[in-house]
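Turn these sequences into a full structure, and let the hints steer you where they fit.
Just so you know, the protein sequences line up as chains Y and V, in that order. Numbered by my numbering, the letters in the first sequence go through residues 3 to 400 in order. Numbered by my numbering, the letters in the second sequence go through residues 3 to 159 in order.
Everything labelled a hint here was simulated from the structure, so no lab data went into it. Check before you lean on any hint, since a few could be wrong.
What the hints assert, rightly or not - Below 27 Å or equal to it, Euclidean Cα-Cα: the simulated DSS-like pairs (lysine-lysine) are:
id, chain 1, residue 1, chain 2, residue 2
1, V, K151, Y, K59
2, Y, K64, Y, K374
3, Y, K355, V, K151
4, V, K15, Y, K355
5, V, K128, Y, K374
6, Y, K59, V, K128
7, V, K94, Y, K242
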Amino acid sequence: MPVTLERIPGHEERVILSMGPQHPSTHGVLRLVLELEGETVVRALYDIGYLHTGFEKSFESKTYSQGITLTDRMDYLSPLSNNLGFCLATEKLLDLEIPPRAQWIRVLLTELTRIQSHLVWLGTHAIDLGAMSVFLYCFREREEILHIFESVSGQRMMTSYFRVGGLALEPPLGWLKGVQKFAKSFPERIDEYEALLTRNPIWLSRTQGVGYISADDAIAYGLSGPSLRGSGVDWDIRKKEPYSSYEKFDFKVSTRREGDVYGRYLARVEEMRQSLRIVNQAMEGLPEGPVKANAPHIVMPERESMKTSIEALIYHFKIVTEGFHPPVGEVYQIIESPRGELGFYMVSDGSPKPFRCHVRAPSFANLQALPKLIEGRLIADVVACIGTIDIVLGEVDR
Amino acid sequence: MTADLETHPALLKLREFDAQAVEDVRTFRGELTIYIRHANFLRTCEFLRDEPSLRFSFLADLTALDLYPQEPRFEVVYHLLSLQNTQRLRLKVRVSGDDPHIVSAISVWPSANAFEREVFDLFGIKFAGHPFLRRMLLPDEWEGHPLRKDYPTEGYR
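Put into structure tokens, the structure is as follows:
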């Protein structure tokens, strides 16, 4: 039996409504059970698991390098952030130093990922609330970013471009031209979205005061990322616990005090501008050098060197057939994904496969606040609240 | 490395508060893991959350490990974050494989709710005091708990 709400005696007139899992505004396969009195939501419950694929179990039967391809498919709107989290966790286990050029490119690409993920969020959030054209504009810009991903990794979405020890390969010549073109045109595109929404009376009436959560409640319910910053908590992992040399970049953490759907909207729009600043800095200061760490037993050798060097051939054989052995231990590596705190809890028993790899998915934690946001409000606000916590069901269900 | 983690403020305060609660301490790559005895667990959590110099108010993550065939078989793992001090801490509680159960932490951190349901679903560890402890990711009629080490990854069950 799917999860449902029990009727409360004396309130037989209330309607129990099952919303989803195929409802278009649930952004995937989220099912909500709502108890309605008229149009007001009295109680709410969420039901997940429709996309459960057992990633955490699969990690245990794959080598570390093979595990990277699974991470793309968790949060399918920000594959490179997931790649980064997984690689950083493994590198922390191995205590591996990554060359600066690889770190810079990682930062550049994950910030582009943040922008494109926020673009999908903005587009779908706007279309849920009736602003059709924003959706089309957002997806136009997102496509440009996906072209950049395709040029560096060969894939638009399932990139698997970050590897343990650096990048899969040196990006192609001239790839920065595409990034420059995008970075040049994007600021006025954000102005365009803001012109359509920020002072639009319909948008304001649908978002202001809707889905309010206080800072204390947001912390208690485990909200993270822009959803937490929208409630006035100044917490960004890129600033507070920098990884992959984020401490060398100059950007502002966008915090809003409103705590409602509108506040989180402004926080994310500002975050896109800040991400673009980081992209520009990363392009300007991009260091020269290798994109892979000097660790032949972990990093795959170059194809060419395998034809001339017996050591390279042996290492290649060992990595492909067996993998590498991190020391026994456990790490919890966090990154600021577009949705919040993405954590990889990686436990190694010394074998080439993780003993356990648990993913702290920001969407999974953020979803807990949803009943709190919608109870007592109109049913029309439910779609606004689902949009505002920006969940990806692939990551919720894993 | 080990020496300065022994003087970690959270560990010092915790020992001061209740020396019995700390069962074991491990460090790896600069991360501190404290094993807490089950009997002292909720009190310890409340202390870590409320102590003004610590304020581990954010439960970042909750999961479990299956150490089959060792006994005690399970470890429930809590990742805490202090927003005030930008400090992280890992708590672990050992749980026996025979009728595994542990007290729920929802009263301390409401965000434990979904994580505990997930652990119940995938490991079969019961959380005493959880208001809605039923399967979350798998259907109710599912047999077994997939993240246990004796659960096969392939083949016909």
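Right, here's what the structure says about each hint:
1. K151(V) to K59(Y): holds (9 Å)
2. K64(Y) to K374(Y): violated (38 Å)
3. K355(Y) to K151(V): holds (14 Å)
4. K15(V) to K355(Y): This hinted pair is violated, its Cα atoms lying about 37 Å apart.
5. K128(V) to K374(Y): holds (25 Å)
6. K59(Y) to K128(V): holds (20 Å)
7. K94(V) to K242(Y): holds (25 Å)
In this structure, the hints that do not hold are numbers 2 and 4, in rising order.
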